[in-house]
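*Asks:* In case you want the letters, here they are:
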Amino acid sequence: MAGASRFAQPLLRLTIEQHQRILAHCYFGLPDEACGLLAGPVVAGEATGNVSEVYPAVNSDASSRTYTVDGRDYLRASRDADARGVDIIGVWHSHTHTDAYPSPTDVRQAVDPMWIYVIVSLRDEVPMLRAFRIRDGAVAECQVVLQAGHH
Amino acid sequence: MAVEVRLPTLLRPSADGAASVSATGGTVGEVFVELVSAHPGLKGQLIDDSGSLHKFVNVYVNDDDIRYLDQLDTKVGDGDSISILPAVAGG
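These protein sequence lines map, in sequence, to chains G and D. Sequential numbering from 1082 applies to the first sequence in the numbering used here. Sequential numbering from 128 applies to the second sequence in the numbering used here.
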């Protein structure tokens, strides 16, 4: 289709501070995978891509190969999002030795087709953060925009 | 007894888009039966075929995970809040 973006909607808009908090939590989690949640507005059942808050969480698997967001951390994040009038709109986690792309496990276990799945690769010296939608087993990339200041 | 049930975005399409619904029951299981009766789309998303809590769902009564209480027999009372959250995992 002429003019079509190779990226799926929505754009994921992170502030520089949010981006840094995600990367820092991923490095602190080494050698294990690290994870956390994203909160933001939902309009007509779809995330707008704006991010109100990022919530670092414990990886209760304590594993370099898999992650599970600690349930209590999720509950706390969910309540904070409620208080802000937004919703949990996605999850982020690190890949310590592989690409910033959903693994077969990530695709199989994707929770919510509305969510945005952020993956941070720490394989190389420079970290790589990418975002995806995962719907019915299909992966589509979302463009990530970094912004100064607050949403 | 009326309790508030908080739904994750995943389950809201099955509940007319509501972020939370009110339901009655003396236990989490009774509340879920009423919930499924009012919103049949939730059937199979909360309880598995054997009648146990679905393994991909975590349920909290206020701050407590019902897996460490009495599971679906966990008692609830007026003003309690039940939070349903999907298990979030990957590799």
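None of these hints come from the bench; they were simulated from the model. Model, not experiment: these values are computed from the prediction. Note that beta-carbon positions come from the ideal geometry of N, C-alpha and C, so glycine has one too. Accuracy of the hints is not assured; some may be wrong.
Just a sample of chain G residues kept apart from chain D, beta carbon distances all over 10 Å, derived [as the list claims (entries may be wrong)]:
1. Tyr-1108
2. Glu-1134
3. Arg-1153
4. Asp-1161
5. Asp-1163
6. Ile-1169
7. His-1174
8. Asp-1180
9. Ala-1181
10. Pro-1183
11. Thr-1186
12. Asp-1205
13. Gly-1218
14. Glu-1222
15. Ala-1229
Okay, the calculated bits of chain G under chain D, using three or more residues with CB under 8 Å as the criterion [what the hints assert, rightly or not]:
16. 1187-1196
17. 1206-1217
*Asks:* Over 10 Å from every CB of chain D: does Glu-1222 of chain G meet that, or does the non-interface label fail?
*Replies:* 17 Å, holds
*Asks:* Decide, holds or violated, for the assertion that all CB atoms of chain D are farther than 10 Å from the CB of Asp-1163 of chain G.
*Replies:* Violated, because the least Cβ-Cβ distance between Asp-1163 of chain G and chain D comes to about 7 Å, which does not exceed 10 Å.
*Asks:* Per the coverage rule (Cβ-Cβ under 8 Å, at least three residues), is the segment 1206-1217 of chain G covered by chain D?
*Replies:* violated (count 0)
*Asks:* Taking C-beta pairs only, is Gly-1218 of chain G more than 10 Å away from all of chain D?
*Replies:* 14 Å, holds
*Asks:* Are all C-beta atoms of chain D more than 10 Å from that of Ile-1169 of chain G?
*Replies:* 7 Å, violated
*Asks:* Could you check that no beta carbon of chain D comes within 10 Å of the beta carbon of Glu-1134 of chain G?
*Replies:* Its Cβ never comes within 10 Å of chain D, the nearest being 16 Å, so this holds.
*Asks:* Per the stated criterion, does the least C-beta distance between Asp-1205 of chain G and chain D lie above 10 Å, as a non-interface residue requires?
*Replies:* 19 Å, holds
*Asks:* Against chain D, does Ala-1181 of chain G hold up as non-interface, every C-beta pair farther apart than 10 Å?
*Replies:* Answer for Ala-1181 of chain G: holds, closest chain D Cβ roughly 13 Å.
*Asks:* Since Tyr-1108 of chain G was said not to touch the interface, does its Cβ keep a gap of more than 10 Å from each Cβ of chain D?
*Replies:* Nearest chain D Cβ is 19 Å from Tyr-1108 of chain G, so the label holds.
*Asks:* Is it correct that the beta-carbon of Pro-1183 of chain G has no partner in chain D closer than or equal to 10 Å?
*Replies:* 8 Å, violated
*Asks:* Since Asp-1180 of chain G was said not to touch the interface, does its Cβ keep a gap of more than 10 Å from each Cβ of chain D?
*Replies:* 13 Å, holds
*Asks:* Non-interface claim for Ala-1229 of chain G: all C-beta distances to chain D beyond 10 Å?
*Replies:* 29 Å, holds
In this structure, the earlier hints numbered 3, 5, 6, 7, 10, 11 and 17 are contradicted, and the remaining ones agree with it.
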